[in-house]
Structure formats: structure tokens, C-alpha cells
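Trainee: These protein sequence lines map, in sequence, to chains R and G.
Quick note: to get this note's numbering, add 586 to the position in the first sequence (first position is 1).
Quick note: to get this note's numbering, add 586 to the position in the second sequence (first position is 1).
Heads up, some of the hints might be wrong.
The list cannot tell twin chains apart, which means a pair is met if one copy fits it or any two copies do.
In silico DSSO-like pairs for lysine-lysine, Cα to Cα no more than 27 Å straight-line [unchecked claim]:
(1) K601 <-> K614
(2) K878 <-> K768
(3) K908 <-> K841
(4) K908 <-> K802
(5) K601 <-> K939
(6) K601 <-> K908
(7) K878 <-> K601
(8) K877 <-> K802
(9) K601 <-> K812
(10) K760 <-> K919
(11) K841 <-> K950
(12) K763 <-> K919
(13) K898 <-> K802
(14) K681 <-> K878
(15) K869 <-> K919
Just so you know, these hints were derived from the structure itself, not from any lab.
Protein chains: 2
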Amino acid sequence: MDGHVNFTLSDRLRKSPYYESTLKAGAKTFTIYNHMIMPTSYEGAEADYWNLMNNVTMWDVAAERQVEVTGNDAYKFVEYITSRDLSKLQIGQGKYALITDEDGGIINDPIILRLGESHFWLSIADSDVLLWTRGLACGLGWDVQLSEPDVSPLAIQGPNHLPLMIDLFGNWVKDIKYFFFKEVELEGIPLIVQKSGWSKQGGFELYLRDGSLGGKLWDIVANAGKKYDIKPGTPNNIERVESGLFSWGNDMDIKSNPLELPLGNFCQLDKEAEYLSRKALHKIRSEGPSKKLVGLIVDGAPFIGGCASPWKVMSDNQICGKVSSAAFSPRLKINMAMATIDNGNNEIGSEVKVETPWGARSAKVTSIPFN
Amino acid sequence: MDGHVNFTLSDRLRKSPYYESTLKAGAKTFTIYNHMIMPTSYEGAEADYWNLMNNVTMWDVAAERQVEVTGNDAYKFVEYITSRDLSKLQIGQGKYALITDEDGGIINDPIILRLGESHFWLSIADSDVLLWTRGLACGLGWDVQLSEPDVSPLAIQGPNHLPLMIDLFGNWVKDIKYFFFKEVELEGIPLIVQKSGWSKQGGFELYLRDGSLGGKLWDIVANAGKKYDIKPGTPNNIERVESGLFSWGNDMDIKSNPLELPLGNFCQLDKEAEYLSRKALHKIRSEGPSKKLVGLIVDGAPFIGGCASPWKVMSDNQICGKVSSAAFSPRLKINMAMATIDNGNNEIGSEVKVETPWGARSAKVTSIPFN
């Protein structure tokens with residue numbers, strides 16, 4: 587069931603540099619992400635959705651931690667942990683990539699930023715990539731240093747982000763290409779400004795490089811945003827399901843492999859560089875994956891909230907898959923779900939049943955994204 | 587500040603096999619631990635404390651995940667990741683050990699259980715040991731398989747645990763030594779029963795080996811416990827600070843080393859087996875650690891709750907350390923704290939100031955545990 591529970595704070599659950607600012611701004615609910623407290627709503631999921639869809643919002647996403655990779659073998663190492671071809675990754679550019687292990691299992695799905703010839707950040711989702719990469723590099727004996735720098739992203743997302751970004755940083759932001767970034771200062775605050783963010787509504791992420799200046803950065807953005815009626819926001823479950831953005835831990839994890847996901851453009855299994863999962867992924871490719879992540883349009887009354895625990899997908903009274911994310915779209919007026927479904931029931935147009943918390947529902951397989 | 591916030595549920599935050607049972611039993615607050623939702627209170631921290639101190643309680647600690655280690659090199663690998671000497675670890679025995687990396691940094695502080703000659707569990711605190719060990723083993727190329735088995739501990743803790751344990755399992759439980767364990771079945775539920783648990787009040791942990799039977803196990807224990815007035819409980823901050831039990835993520839982490847902690851008995855830096863952190867720890871030993879984790883007795887009115895963010899420790903208006911855990915003891919009638927303090931201010935009897943959320947307080951360095 588979706589819902590909210592009371593959580594006990596502890597130093598083990600780290601605070602963001604923007605934490606006090608988000609409380610003042612009215613953050614209502616939170617989650618834990620990479621051992622950090624991250625806001626998940628202000629006015630409520632649907633009101634926050636419309637703020638994001640129609641205007642511009644600012645998000646505390648400090649929980650997107652960075653794993654910094656340096657050392658003589660840094661480039662070789664970053665190629666080694668993904669099937670994405672990074673040979674053309676420029677300094678000042680980022681790429682979305684699946685980090686995969688020797689079995690082809692997905693450790694995480696970061697944006698990989700190249701800050702220098704041998705200097706990278708993995709801007710990660712919710713799993714301790716730092717631990718896996720440190721273990722791996724230590725075992726390999728390669729010249730790679732891995733650490734967590736003092737870097738905390740603040741996202742500016744929504745269709746009206748551009749005038750605000752120009753006011754803050756100047757006209758050059760108009761010309762920056764998706765996932766490219768620039769090192770800048772804003773009133774003495776060291777930042778990396780990247781065109782990116784966990785929505786499809788357009789925007790930037792400001793990677794704050796000094797956590798002590800979190801409150802100052804929040805206030806600068808909030809004040810500059812007043813004339814554009816900026817609202818505090820968060821990664822929004824409705825928008826991200828509509829847009830087909832996957833969430834590590836929900837829609838994929840170490841037991842998933844890249845060939846089950848509609849992310850073929852982000853995998854180059856025959857790339858030149860050596861990579862750890864090559865053998866496993868070639869085997870899966872030659873045998874074919876046994877299941878696929880697809881979209882579902884689900885009948886019945888609008889979902890109340892999302893999918894807090896997997897929902898069974900059934901065909902002929904047999905389990906054939908599970909829903910990992912769901913939302914009612916107030917714009918498309920449909921119940922959307924992302925589900926991993928076994929072959930035989932995952933073709934576009936297939937009809938299945940879904941066991942939702944509000945009873946069994948008919949559903950039809952569709953492609954992702956929904957909009 | 588200590589306190590509670592509303593958290594949004596998500597499949598990414600995994601539910602325990604006892605989750606529904608804990609809700610029915612009245613769990614009031616929760617935390618996230620190893621990506622799982624874990625209850626932190628029922629009647630409130632102090633009422634729960636007295637239930638634990640005076641009687642017997644049952645805790646959902648499924649969030650203590652197990653990392654299963656098998657393969658021909660399993661023993662060699664388990665020795666390799668700790669400075670604890672495991673050469674005398676018997677099948678059926680567990681030992682508390684610090685897992686340390688090539689810099690001597692503490693990855694985690696599990697109980698290591700030996701289930702067979704080449705079969706171990708690491709019963710872990712809140713960090714993704716599975717990822718670090720998988721990375722390391724993969725890099726080394728050793729014959730080690732690492733996975734997370736379907737195992738979820740339920741703790742029975744408190745001075746009156748024994749009659750209940752005898753009713754459930756028989757008289758043999760009286761003779762089992764600390765950290766030793768036995769594989770048993772209880773009404774068809776496969777379990778490992780170990781004398782252990784995260785309190786000093788005595789008790790056992792039942793490692794449930796089939797998550798689908800969580801509700802059944804909870805009910806069996808709760809029903810058998812009725813005649814002993816058993817109460818639902820959780821790891822209790824007051825009791826664990828009194829008892830000097832450390833919490834990974836609060837009192838130690840990857841930036842700490844074992845020589846800063848009063849855990850000398852659990853490190854054998856000259857052990858025979860090869861281990862990863864030998865060089866780093868020998869260097870720290872020869873130079874001497876620069877700081878130490880000590881107890882503090884803090885003046886003033888009773889603390890309201892614990893330490894949700896580090897509190898500064900000051901000497902002559904200079905920062906000399908930080909408090910990582912704190913509680914008022916309703917039994918000892920003192921404010922207790924655990925703090926890591928630089929040399930020069932960490933000797934027993936030293937006087938320092940602590941910046942608590944309720945103002946600056948005088949404090950005196952003492953040994954741990956407090957009782």
C-alpha cells in the first residue's frame with residue numbers, strides 16, 4: 587500500500603546541505619536515498635506535478651551522491667564498469683550509463699560526468715556504488731582512487747526554467763547541450779551547471795561543491811525565481827512514470843540486466859574497450875532475455891498514490907510478472923504502470939491482470955514513455 | 587535535532603517479512619536500514635526501554651541483512667576482510683568483527699557466522715557490504731560466491747527471555763554459549779537460533795530462512811510470549827548507549843579506523859592469515875591513532891531524544907571532536923554521549939564543552955559502557 591509513516595531521525599541518515607531550507611519551504615514528506623533524507627513532496631504529489639509541468643520548480647537532490655574517480659587508470663576503469671561506449675565522452679560532457687557486474691546485473695544507473703582526462707563523477711541512484719567500485723578497484727590492483735566529494739545537486743526543472751537560468755548564469759545556458767556541463771561560480775559559490783535532471787520537462791542541475799553554502803545557494807535560486815513564481819519541488823512519481831524514467835531499486839536492481847530494459851541505446855555490447863560484463867551480456871543477448879520491462883495501461887478508478895510494494899501481474903491465473911512503479915496521470919487520465927513481464931505476455935497489446943491494492947484490474951501492455 | 591518526519595513508502599524501501607505484524611502490534615516510528623523499513627518504537631523510547639530492561643521484548647530486525655559467502659576461497663576471503671583472527675571460528679559459532687578496507691577504514695561491523703567449512707554469513711549493519719565484497723572478490727578473481735539469502739532475524743531480548751525460549755525450543759537453549767547458534771525447525775519454519783542481539787539484556791536472534799513465514803513466526807513468538815507479558819520492541823537508543831554498543835553510520839564509518847574505537851579485543855593485527863588492511867593498520871598502530879571514541883557524561887537537564895546530527899565537542903573554544911550518539915538514562919539519571927575526540931582532550935576525566943541542540947553544556951570524558 588502506498589502511504590506515509592513516521593521516521594526517526596539519526597545521524598546515520600545524513601542531512602542535505604539544503605535540509606533546513608526544505609523544511610522552511612514546507613517539505614511535507616521525505617524518503618531515504620543513498621543514506622540521505624530527501625524531500626518527496628511539498629503541496630502533495632498532484633499539486634507538485636502541475637507546478638513542474640506548467641512552470642518551474644527547484645529540488646533538493648543532494649541525495650544523488652557523486653562517486654569521484656581519479657588516477658592513471660580512471661578512464662580504463664570507468665569503461666570497465668559499463669557496457670556504454672565512453673570513447674567519445676568529452677571533458678565537460680555527461681552520459682547516462684548502466685553500471686553492470688560480472689553477471690550483467692545492474693549495480694546502478696548513473697550519469698557519468700567527465701571533468702578531466704582522468705577525472706570522472708558517477709552521479710548515482712540509490713545504491714552504494716562507492717563500496718562496489720572501491721572493492722573492485724582494490725581487487726584489480728588498478729591505479730584508481732574512489733571517493734565521495736562534497737558535492738550536492740540542486741535541480742531546477744520545468745518548462746519555464748530558462749529565463750531563471752539566464753538571470754542566474756547568463757545567456758550561455760541557452761546553448762548548452764543535454765548532459766553537457768560547465769564549471770562556474772555564483773556569488774562565490776563553486777558550482778558545476780549541467781543540463782540534466784530527473785524529469786522530462788527541461789532543466790538544469792547545479793552541483794554545489796561546498797556543502798556549507800547550501801542555504802545560501804537555495805536562497806539565491808529561490809529569490810531569483812520569485813518573479814517566475816518558482817515553487818519547491820521534488821522528483822515527482824507521476825511525471826517520471828509518464829516520462830518513462832526508471833528508478834533503481836524499483837524498476838531495476840542487481841538481479842536485472844540491461845537487455846530486459848528498453849535502454850538499448852545506452853548499451854554498446856560490442857564496444858572496443860574492455861568491460862566486466864561483456865561475457866555475461868553477450869550470453870544473454872545470444873539466448874535472448876526471458877522477460878522485459880514494459881508499460882501497462884490499467885483499467886478502473888484512478889490509483890491513489892504509487893506502488894509501494896510490487897504488484898503481481900497475472901495471465902491465466904499464473905504470475906507472469908510484477909509492477910514496480912505506478913501512477914494515475916491527471917493529464918492523460920490513465921492509470922500507468924511499469925512492469926517486468928515474462929516472454930509470452932510482454933508484447934505490445936497483450937492483455938494481463940494486475941493485482942493492485944484496490945483489487946484485480948485488467949491491463950494492456952504498451953510502450954514507454956506514456957506521453 | 588531529534589524528531590520525526592513523514593516518510594513516503596516505495597518499493598525501493600523494502601518491507602520486512604514482519605512488517606504487517608509490526609504495524610498490527612502498534613509500531614509508531616520507523617527508520618531505513620539496509621534499504622529496509624525497520625520499526626524504532628512502539629510505546630515510545632522510554633517505555634520501550636523499561637520493557638526491555640525489566641522483562642522480555644521481540645524485535646523485527648530483518649534489516650540486519652545477511653551476506654552469504656560460499657566457494658572454495660570462502661574462508662580465506664572472510665579472513666582477508668577483517669583483522670579479527672577467525673582461525674578458531676567453529677562451525678556453529680559467530681564472532682563480532684570489523685570489516686576493513688585497504689586504508690583501514692571500517693566498511694561494516696557484522697557478526698560473522700560460520701555455517702560450514704566454506705559457508706559463512708556476515709550479519710551486517712547499515713552499509714552495502716554485499717556490493718563491496720562482490721566488487722573485491724571479482725577484482726581478486728577468487729573462487730567466492732556472494733549473495734543475499736532469504737534470511738530475516740527476529741530478536742528476543744530482555745532479562746526474562748529464557749523461559750520463553752525454553753517453551754519454544756527446549757532446554758538446550760540454556761547451554762548455548764554467546765554467539766553460538768543451532769539450525770532448527772519451529773512448526774515447520776526453518777530457523778537458525780543464535781544467542782545474540784543488539785542489547786546487553788540477554789536474548790537470542792531467530793534467523794528466519796523463509797520470508798513467506800514471517801507472519802507465522804511473529805504470531806508463534808507473540809502467543810508463546812503472552813504468559814511472560816512479552817512486548818514488541820526495537821533496538822533501543824537509550825539501552826544501547828548505556829551498554830556501549832556502537833552503531834555503524836553513527837559512531838563509525840569508512841573514515842574511522844578500528845584503533846580509534848575501544849574494540850581492541852576484536853582486532854588481532856598480527857594474526858597469521860593474510861588480510862587486506864594489515865599494512866594500513868600496522869602504520870596507524872605504529873604512529874598511534876590521533877583521536878578516540880570515548881564516553882561523555884554531560885551536565886544539565888535531561889536530553890530530549892538522541893543525537894540526530896553530530897554535536898560539536900569544544901575545548902578552549904576550538905572544535906576537538908563530535909558526539910555521534912546520545913541519550914538520557916532514566917535509570918542512571920545521567921546524560922550519556924559517545925564522542926570521537928582528538929588526542930589531548932580524550933583522556934578519562936578530561937573536561938570539555940558539548941554544543942547540544944539545547945545549548946552548550948559542560949561534559950566529562952568517561953569510559954564506555956556507562957553501566
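Trainee: Would you mind marking each hint as holding or not holding in the structure?
Mentor: Tested hints:
1. K601 <-> K614: Both. Shortest intra-copy (16 Å) and inter-copy (22 Å) distances satisfy the 27 Å Cα cut-off.
2. K878 <-> K768: Cα proximity of K878 and K768: none, with 37 Å in one copy and 42 Å across.
3. K908 <-> K841: within (14 Å within a copy, 39 Å between copies)
4. K908 <-> K802: between (44 Å within a copy, 25 Å between copies)
5. K601 <-> K939: between (41 Å within a copy, 24 Å between copies)
6. K601 <-> K908: between (33 Å within a copy, 16 Å between copies)
7. K878 <-> K601: between (36 Å within a copy, 24 Å between copies)
8. K877 <-> K802: Neither way: K877 and K802 sit 47 Å apart in one copy and 32 Å across, limit 27 Å.
9. K601 <-> K812: For K601 and K812, the Cα distance is within 27 Å only inside one copy (26 Å; across copies 41 Å).
10. K760 <-> K919: Classified as neither; 33 Å inside a copy, 63 Å across copies.
11. K841 <-> K950: within (25 Å within a copy, 50 Å between copies)
12. K763 <-> K919: neither (32 Å within a copy, 62 Å between copies)
13. K898 <-> K802: Only across copies: K898 and K802 sit 22 Å apart there, 46 Å inside one copy, limit 27 Å.
14. K681 <-> K878: within (23 Å within a copy, 43 Å between copies)
15. K869 <-> K919: Classified as neither; 41 Å inside a copy, 64 Å across copies.
Figure legend: structure checked against the earlier numbered hints; hints not met, in rising order: 2, 8, 10, 12 and 15.
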